[in-house]
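> Position 5 of the sequence shown, counted from 1, bears residue number 4 in numbering that gives the first Met the number 0, the numbering being contiguous throughout.
Don't read these hints as lab results, they were simulated from the structure.
In this text, a Cβ means the ideal position worked out from N, Cα and C, and glycines have one as well.
Fair warning: there could be bad hints in the mix.
What the hints assert, rightly or not - Have a look at the derived ranges for each label pair, beta carbon to beta carbon:
hint, residue 1, residue 2, range
1, Met191, Ser20, 39 to 45 Å
2, Arg75, Asp139, 35 to 41 Å
3, Ser203, Ser62, 27 to 33 Å
4, Arg158, Pro224, 16 to 22 Å
5, Ser203, Leu88, 21 to 27 Å
6, Gly124, Ser20, 27 to 33 Å
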Amino acid sequence: MPQPPTSPIPKRIFFYHGFPSLSFLRFMSVYSFQRHHPDFEIRVVVPAELCTEQTWTTGEHASPYRGPDYSQWLTRLPIEIAPFDMRSLGLSNGLPEVCKSDILRNWLLVNQGGYWSDMDVLYVGRMNIPLDADTVYCHDGTFYYIGLIGGCRKNAFYRHILRRALEARHDEDYQCYGTRLYRCAPERYRAMFPQLSMHNLPTSAVYPVKWVELGRFYTQTELPPDCFGIHWFGGSAVGGRLEQGLTHDCATEDNLVYRKVQEQCELSVWSSLAKRTG
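With the sequences and hints as input, model every part of the structure.
Laid out in C-alpha coordinates, this is it:
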(Lines of atoms letter the chains of each structure in order from A and count residues from 1; the text may use other names and numbers.)
(Lines give C-alpha, C1' and ligand atoms only; values in the text may rest on other atoms or scores of the structure.)
Protein backbone atom coordinates (compact mmCIF):
# COMPACT_ATOMS: atom_id res chain seq x y z
CA MET A 1 0.00 0.00 0.00
CA PRO A 2 1.45 3.41 -0.93
CA GLN A 3 2.35 5.69 1.95
CA PRO A 4 0.39 8.93 2.29
CA PRO A 5 2.35 12.00 1.20
CA THR A 6 4.18 13.89 3.92
CA SER A 7 5.17 17.52 4.21
CA PRO A 8 8.83 18.53 3.87
CA ILE A 9 8.27 20.60 7.02
CA PRO A 10 8.53 18.36 10.10
CA LYS A 11 5.61 18.14 12.52
CA ARG A 12 7.52 20.15 15.07
CA ILE A 13 6.95 23.58 16.57
CA PHE A 14 9.08 25.85 18.71
CA PHE A 15 7.93 28.42 21.25
CA TYR A 16 10.17 30.70 23.31
CA HIS A 17 9.55 31.49 26.97
CA GLY A 18 11.87 34.33 27.91
CA PHE A 19 9.87 36.01 30.66
CA PRO A 20 10.47 36.11 34.44
CA SER A 21 6.97 34.64 34.82
CA LEU A 22 4.42 33.20 32.42
CA SER A 23 0.93 34.61 32.05
CA PHE A 24 -2.09 32.40 31.57
CA LEU A 25 -2.65 33.84 28.10
CA ARG A 26 0.88 32.92 27.02
CA PHE A 27 0.50 29.47 28.58
CA MET A 28 -2.59 29.12 26.40
CA SER A 29 -0.47 29.53 23.28
CA VAL A 30 1.22 26.22 24.00
CA TYR A 31 -1.84 24.51 25.45
CA SER A 32 -4.13 25.46 22.56
CA PHE A 33 -1.58 24.41 19.94
CA GLN A 34 -1.11 21.03 21.59
CA ARG A 35 -4.86 20.57 21.81
CA HIS A 36 -5.29 21.02 18.06
CA HIS A 37 -2.00 19.32 17.04
CA PRO A 38 -1.52 16.29 19.32
CA ASP A 39 0.68 14.67 16.65
CA PHE A 40 3.27 17.47 16.75
CA GLU A 41 6.54 17.56 18.67
CA ILE A 42 6.34 20.73 20.77
CA ARG A 43 9.43 22.39 22.22
CA VAL A 44 9.39 25.40 24.49
CA VAL A 45 12.84 26.95 24.37
CA VAL A 46 14.00 28.81 27.49
CA PRO A 47 17.16 30.88 27.95
CA ALA A 48 20.20 29.41 29.68
CA GLU A 49 20.47 32.80 31.38
CA LEU A 50 17.48 35.12 31.60
CA CYS A 51 18.08 38.75 30.63
CA THR A 52 15.52 41.21 31.98
CA GLU A 53 17.05 44.30 30.35
CA GLN A 54 15.04 46.11 27.67
CA THR A 55 17.37 48.03 25.37
CA TRP A 56 14.86 49.15 22.74
CA THR A 57 13.40 52.64 22.74
CA THR A 58 10.30 51.94 20.66
CA GLY A 59 7.85 51.39 23.54
CA GLU A 60 6.96 47.69 23.36
CA HIS A 61 6.39 45.73 26.60
CA ALA A 62 6.13 49.03 28.46
CA SER A 63 4.17 47.44 31.32
CA PRO A 64 5.62 44.09 32.51
CA TYR A 65 3.23 41.28 33.37
CA ARG A 66 2.66 41.11 37.14
CA GLY A 67 0.07 38.36 37.54
CA PRO A 68 0.27 34.69 38.60
CA ASP A 69 3.11 32.61 37.16
CA TYR A 70 1.93 29.63 35.07
CA SER A 71 5.40 28.38 34.12
CA GLN A 72 4.94 25.17 36.12
CA TRP A 73 1.77 24.39 34.18
CA LEU A 74 3.95 23.83 31.11
CA THR A 75 5.62 20.89 32.85
CA ARG A 76 2.27 19.05 32.92
CA LEU A 77 1.86 19.17 29.14
CA PRO A 78 3.28 16.54 26.73
CA ILE A 79 6.02 18.90 25.53
CA GLU A 80 9.77 19.35 25.83
CA ILE A 81 11.28 22.33 27.64
CA ALA A 82 14.72 22.99 26.15
CA PRO A 83 17.29 25.48 27.54
CA PHE A 84 19.40 27.27 24.92
CA ASP A 85 22.76 28.97 25.45
CA MET A 86 23.32 31.83 22.99
CA ARG A 87 27.08 31.39 23.38
CA SER A 88 26.76 28.35 21.10
CA LEU A 89 26.03 30.87 18.33
CA GLY A 90 28.88 33.14 19.35
CA LEU A 91 26.45 35.58 20.96
CA SER A 92 25.97 36.84 24.49
CA ASN A 93 23.39 35.51 26.92
CA GLY A 94 23.02 39.16 27.89
CA LEU A 95 21.05 39.91 24.74
CA PRO A 96 17.47 40.99 25.47
CA GLU A 97 15.09 38.03 25.33
CA VAL A 98 13.16 39.50 22.39
CA CYS A 99 16.39 39.60 20.38
CA LYS A 100 17.29 36.04 21.39
CA SER A 101 13.93 34.70 20.26
CA ASP A 102 14.07 36.54 16.93
CA ILE A 103 17.51 35.10 16.17
CA LEU A 104 16.57 31.62 17.35
CA ARG A 105 13.43 31.38 15.23
CA ASN A 106 15.59 31.37 12.10
CA TRP A 107 18.40 29.25 13.54
CA LEU A 108 15.99 26.54 14.67
CA LEU A 109 14.19 26.37 11.33
CA VAL A 110 17.49 26.12 9.44
CA ASN A 111 19.09 23.55 11.73
CA GLN A 112 16.09 21.44 12.73
CA GLY A 113 13.11 22.43 10.61
CA GLY A 114 9.51 22.82 11.67
CA TYR A 115 7.40 25.78 12.70
CA TRP A 116 8.00 28.71 14.99
CA SER A 117 5.19 30.34 16.93
CA ASP A 118 5.32 33.45 19.03
CA MET A 119 3.89 32.93 22.50
CA ASP A 120 1.14 35.46 21.94
CA VAL A 121 -0.89 33.35 19.52
CA LEU A 122 -4.05 31.60 20.69
CA TYR A 123 -4.82 28.58 18.49
CA VAL A 124 -8.49 27.98 17.75
CA GLY A 125 -8.05 25.25 15.15
CA ARG A 126 -5.54 23.13 13.27
CA MET A 127 -3.06 24.77 10.92
CA ASN A 128 -4.02 24.61 7.25
CA ILE A 129 -0.79 24.53 5.24
CA PRO A 130 -0.39 23.08 1.71
CA LEU A 131 1.28 19.70 1.95
CA ASP A 132 3.97 20.56 -0.60
CA ALA A 133 5.04 23.82 1.07
CA ASP A 134 8.60 23.83 2.41
CA THR A 135 8.58 27.52 3.41
CA VAL A 136 5.78 29.34 5.22
CA TYR A 137 5.73 33.09 5.73
CA CYS A 138 3.08 35.83 5.91
CA HIS A 139 2.99 39.09 3.93
CA ASP A 140 -0.13 41.22 3.56
CA GLY A 141 1.07 43.25 0.60
CA THR A 142 2.81 45.79 2.83
CA PHE A 143 4.17 44.12 5.98
CA TYR A 144 5.72 40.80 6.97
CA TYR A 145 4.17 39.08 9.98
CA ILE A 146 6.51 36.58 11.64
CA GLY A 147 4.45 35.32 14.58
CA LEU A 148 4.03 31.96 12.81
CA ILE A 149 6.56 30.82 10.23
CA GLY A 150 7.75 27.44 9.02
CA GLY A 151 10.45 25.80 6.98
CA CYS A 152 12.17 22.57 6.11
CA ARG A 153 15.58 21.82 7.57
CA LYS A 154 18.45 23.63 5.77
CA ASN A 155 15.91 26.05 4.32
CA ALA A 156 17.76 28.50 2.05
CA PHE A 157 15.35 31.38 2.66
CA TYR A 158 15.59 31.22 6.44
CA ARG A 159 19.35 30.69 6.18
CA HIS A 160 19.46 34.02 4.32
CA ILE A 161 17.40 35.70 7.06
CA LEU A 162 19.57 34.07 9.75
CA ARG A 163 22.74 35.50 8.20
CA ARG A 164 21.18 38.95 8.33
CA ALA A 165 20.21 38.39 11.96
CA LEU A 166 23.73 37.39 12.97
CA GLU A 167 25.07 40.55 11.31
CA ALA A 168 22.54 42.89 12.97
CA ARG A 169 23.64 44.96 15.95
CA HIS A 170 20.87 47.45 16.62
CA ASP A 171 19.09 46.24 19.74
CA GLU A 172 17.62 49.68 20.48
CA ASP A 173 14.96 48.78 17.90
CA TYR A 174 12.40 46.16 19.02
CA GLN A 175 12.28 44.67 15.50
CA CYS A 176 16.01 44.88 14.75
CA TYR A 177 16.27 41.07 14.60
CA GLY A 178 12.65 40.60 13.49
CA THR A 179 10.73 42.08 10.58
CA ARG A 180 13.55 44.56 9.82
CA LEU A 181 15.51 41.63 8.38
CA TYR A 182 12.96 41.10 5.60
CA ARG A 183 14.13 43.64 3.04
CA CYS A 184 12.58 42.29 -0.18
CA ALA A 185 9.07 41.75 -1.49
CA PRO A 186 7.87 38.13 -1.65
CA GLU A 187 8.27 38.11 -5.44
CA ARG A 188 11.93 38.96 -5.07
CA TYR A 189 12.48 36.21 -2.52
CA ARG A 190 10.76 33.71 -4.79
CA ALA A 191 13.15 34.69 -7.57
CA MET A 192 16.12 34.39 -5.21
CA PHE A 193 15.07 30.90 -4.04
CA PRO A 194 13.31 29.24 -7.00
CA GLN A 195 13.97 25.78 -5.56
CA LEU A 196 11.62 26.45 -2.64
CA SER A 197 7.86 25.96 -2.53
CA MET A 198 6.96 29.14 -0.63
CA HIS A 199 3.49 29.54 0.87
CA ASN A 200 2.21 32.97 1.86
CA LEU A 201 -0.05 32.38 4.84
CA PRO A 202 -3.22 34.49 4.58
CA THR A 203 -3.23 37.17 7.25
CA SER A 204 -6.75 36.15 8.21
CA ALA A 205 -5.42 32.73 9.29
CA VAL A 206 -3.45 34.08 12.28
CA TYR A 207 -3.91 37.85 12.23
CA PRO A 208 -7.68 38.40 12.03
CA VAL A 209 -7.02 41.69 13.83
CA LYS A 210 -3.94 43.53 12.57
CA TRP A 211 -1.54 45.44 14.77
CA VAL A 212 -2.85 48.81 13.53
CA GLU A 213 -6.44 48.02 14.59
CA LEU A 214 -6.17 46.25 17.93
CA GLY A 215 -9.28 47.96 19.28
CA ARG A 216 -11.27 45.48 17.19
CA PHE A 217 -10.61 42.84 19.84
CA TYR A 218 -13.33 44.66 21.79
CA THR A 219 -15.83 45.04 18.94
CA GLN A 220 -15.33 42.02 16.67
CA THR A 221 -17.42 38.96 17.50
CA GLU A 222 -16.57 36.47 14.75
CA LEU A 223 -13.42 35.07 13.18
CA PRO A 224 -12.80 34.57 9.44
CA PRO A 225 -13.62 31.04 8.25
CA ASP A 226 -9.96 30.28 7.50
CA CYS A 227 -8.71 31.52 10.88
CA PHE A 228 -6.92 28.95 13.05
CA GLY A 229 -5.06 31.32 15.37
CA ILE A 230 -5.31 34.76 16.96
CA HIS A 231 -2.11 36.76 17.33
CA TRP A 232 -2.85 39.26 20.09
CA PHE A 233 0.38 41.29 19.83
CA GLY A 234 1.72 40.90 23.34
CA GLY A 235 4.24 43.72 22.98
CA SER A 236 1.54 46.33 22.41
CA ALA A 237 -0.40 48.29 25.03
CA VAL A 238 -3.58 46.40 24.13
CA GLY A 239 -1.73 43.07 24.28
CA GLY A 240 -0.38 43.95 27.71
CA ARG A 241 -3.89 44.71 28.91
CA LEU A 242 -5.16 41.39 27.55
CA GLU A 243 -2.31 39.50 29.19
CA GLN A 244 -2.76 41.17 32.56
CA GLY A 245 -6.53 40.78 32.71
CA LEU A 246 -6.93 36.99 32.46
CA THR A 247 -6.18 34.09 34.79
CA HIS A 248 -7.43 30.51 34.65
CA ASP A 249 -10.41 31.42 36.84
CA CYS A 250 -11.00 35.13 36.29
CA ALA A 251 -11.46 37.53 33.36
CA THR A 252 -11.58 41.25 34.04
CA GLU A 253 -13.47 42.14 30.86
CA ASP A 254 -15.17 40.74 27.78
CA ASN A 255 -13.38 40.60 24.44
CA LEU A 256 -12.84 38.31 21.47
CA VAL A 257 -9.62 36.79 22.78
CA TYR A 258 -11.03 35.88 26.19
CA ARG A 259 -14.14 34.34 24.63
CA LYS A 260 -12.01 32.14 22.40
CA VAL A 261 -9.87 31.11 25.38
CA GLN A 262 -13.01 29.99 27.19
CA GLU A 263 -13.98 27.86 24.19
CA GLN A 264 -10.72 25.93 24.27
CA CYS A 265 -11.38 23.81 27.31
CA GLU A 266 -13.64 23.14 30.23
CA LEU A 267 -12.83 24.84 33.53
CA SER A 268 -12.26 21.43 35.11
CA VAL A 269 -8.99 21.10 33.20
CA TRP A 270 -7.63 24.30 34.72
CA SER A 271 -8.68 23.13 38.18
CA SER A 272 -6.88 19.84 37.60
CA LEU A 273 -3.71 21.53 36.39
CA ALA A 274 -3.75 23.92 39.33
CA LYS A 275 -3.97 21.02 41.80
CA ARG A 276 -1.19 19.04 40.10
CA THR A 277 1.22 21.97 40.09
CA GLY A 278 0.49 22.95 43.67
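> A separate judgement is required for each hint: does it hold in the structure or not?
How the hints compare with the structure:
For Met191 and Ser20, the Cβ-Cβ distance of about 41 Å falls inside the hinted range of 39 to 45 Å, so the restraint holds. Between Arg75 and Asp139 the CB atoms are about 37 Å apart, so this pair conforms to the stated range of 35 to 41 Å. One distance hint, 27 to 33 Å for the beta-carbon pair Ser203 and Ser62, holds here, with the actual separation near 29 Å. Between Arg158 and Pro224 the beta carbon distance is about 35 Å. The supplied range of 16 to 22 Å is therefore violated.
Distance hint check: the CB atoms of Ser203 and Leu88 are about 35 Å apart, inconsistent with the given range 21 to 27 Å. With their beta carbons about 28 Å apart, Gly124 and Ser20 fall inside the hinted range of 27 to 33 Å.
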